[in-house]
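Enquirer: Now for the letters of each chain:
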Amino acid sequence: MTTALQVDREPPGAPPPVRRRRRRLWTDVVRYRWLFFLMLPGIVYFVLFRFWPMYGARIAFKNYIPFLGVDGSEWVGFAHFQEFLTNPDFPRLLTNTMIVAALSLFIAFPLTIVLALLLNELRLQILKRTVQTLVYIPHFLSWTVVVSITALMFSIGDGPLWTFFSWLFDTDANMLASRDWFRPLILMQMVWKDTGWGTIIFLAALAGVDQEQYEAAIIDGAGRWQRVWNITIPSIMPTIVVLLILQTGQILNTGFEQIYLMSNSLNRSVADVFDTYVYFAGIQQGAYSYATAVGLFKAIIGLVLIFGTNWLAKRFNQQGIF
Amino acid sequence: MASTTHRRFNTRAGRAFDVLNIVLLIGVGMLAILPFLYVLAGSFATELEITTRPFFLWPNEFTTVSYESILSSKVIVRAFATTVVVTFVGTLIQLALTALMAYPLAKTDLPGRRTILSLVIFTMVFSAGLIPTFLVVKDLGLLDSYWSLILPMAINPFSLIIIKNFFQQLPNELEESAKIDGANELQVLWNVILPLSKPVLATFALFYAVGIWNDYLSPLLYLSDTSKWTLQMILRQVTAAASLSADELNSEVPPPAQGIKFAVVIVATIPVILAYPFLQKHFAKGMLIGSVKG
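Protein chains in written order, with this note's numbering: chain Z, 10 to 331; chain W, 444 to 737.
Any given hint could be a false lead.
[Unchecked claim] Per label pair, the in silico range of CB-to-CB distance: (1) Z:Leu103 to W:Phe721: 40 to 48 Å; (2) W:Phe499 to Z:Val313: 50 to 58 Å; (3) Z:Leu177 to W:Leu583: 46 to 54 Å; (4) W:Phe460 to Z:Thr139: 14 to 22 Å; (5) W:Leu463 to Z:Asn96: 34 to 42 Å; (6) Z:Leu94 to W:Glu619: 56 to 64 Å; (7) W:Gly457 to Z:Leu57: 54 to 62 Å; (8) W:Val532 to Z:Ile52: 46 to 54 Å; (9) W:Ala626 to Z:Pro75: 47 to 55 Å.
The set of hints was computed from the structure by calculation and includes no laboratory data.
Predicted model only: the values in this text are computed from it and were never measured.
All C-beta atoms, glycine included, are put in the ideal place defined by N, C-alpha and C.
Build out the structure end to end from the sequences listed, making use of the hints.
Expert: So this is what it looks like as structure tokens:
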């Protein structure tokens, strides 16, 4: 299987001598002028909004003062990174971020696989399609809507889920403003919003499985569980690995909107993650350089993780993404 | 095939599992929409019913007072209209930019193609972060402009690559015969490629539209002028507040404290729910086509 991310290689060949190369470059430009012209707006977009910020990120190593400009601002090296890593808030931010990542990786992700397997076992096609249609819906609701619905369902005194959980745990706590309830709520939202949607890619992989494998297994006397374990799961393994690699790279990206919208002054100590910290420090307090350093730290860790897991996956004979 | 299907059902444990699975998945399907249906019912219920009945999917007493309050609120109506326009214009721009870039990249003989694709993929795994992007938007003078909700996210690299892959697997013959007839690349794209790609483009148009409609981070970062706020910002404002006065909403009808929250959630969701059936028809197919080959 070739994944979407792989770029096909150009045919190998020795580079032509310089003069011929220069002439070829010119004939290429003429020959492909329309194609380059069509691509121009897209290139401008990537340069402006994706790569120029990367260049601008050098303010992480400076004391950026907008009035002085990036070049006029004082160079401070790794001072901001040092300040962040020795900040008393750092361990708390790291813990909160890792817990949200762990909820996503170890609970939400396996649940997606389980739901996909259960849907795959469903042989009533009309029911399968109906359930799929229903479970995809929450993915298309905004985080603002999801958080608002949560607020209505957990509204203290009259919300249906507040009523249910306060009866179940015999408590009258305001779950929306509670440190203990923050993570369970985040997990519930995560699972509700994206478990269904996440099954799409697994169901697609399963649709490609050769049905003869199942028939042969039945003739060999394999039970249902054995077929799932020996045929279905191995056939979605490459998909699982690719998604795991991509997810690992996203570990420190907790999804700003969800966390930001769910946090309030009462649960802030467990809610603050790197993403919201960057926002508060940079946008609200104007510490551009410091916040950029935090963001850069996060992005570099993400890059290391994604290449690390990709390397590991290849070590274990799985198809990576690069 | 029929006989093996039959045989798979054959054991008693297998049948018990099937029944259990059906029940479980119906339950999962219900859970996915029940919260939304509750909010829908609540938006038509009286204040008294919302605060006294913990859960209902059909109000005892049907009222539209919450919606009346919303419709007479200048703030909400204006935000709704703005968001519709921004979403419409933004989707057109984003889709056009993506398709225009995807088409040349689908030509395997294009010089520099591999470099450009690698750079695009690099942006998927590494981004400079919130602040540098914010500063670029600021330097370009886009703060408090609706363009800030559209341009910084104009091309989604994933969508770009999937559309590129789709173009790439279209048969070459059609294009070649158009070129023999003297068409240039722009004409080929417009007359041959795009008509063939309608389902895929429709899928990604809807993804882009949902993305802009649902966006909260961009208006939060870039729009400090509250009169320009989009619907998601207003929704947040309404549902996070303990209660609102008619003054705050610029409304003639005094808003019911809880009811209006229910109704605003519905108003902010309706366009997405209406688009969903069209989206749903295509997305599974559209997503798959592109991911077959890189």
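Enquirer: For each hint, tell me whether it holds in the structure or not.
Expert: Going through the hints against the structure:
no.	hint	in the structure
1	Z:Leu103 to W:Phe721: 40 to 48 Å	holds (43 Å)
2	W:Phe499 to Z:Val313: 50 to 58 Å	holds (51 Å)
3	Z:Leu177 to W:Leu583: 46 to 54 Å	holds (52 Å)
4	W:Phe460 to Z:Thr139: 14 to 22 Å	holds (20 Å)
5	W:Leu463 to Z:Asn96: 34 to 42 Å	violated (51 Å)
6	Z:Leu94 to W:Glu619: 56 to 64 Å	holds (59 Å)
7	W:Gly457 to Z:Leu57: 54 to 62 Å	holds (58 Å)
8	W:Val532 to Z:Ile52: 46 to 54 Å	violated (22 Å)
9	W:Ala626 to Z:Pro75: 47 to 55 Å	holds (50 Å)
Of the numbered hints listed earlier, those contradicted by the structure are 5, 8.
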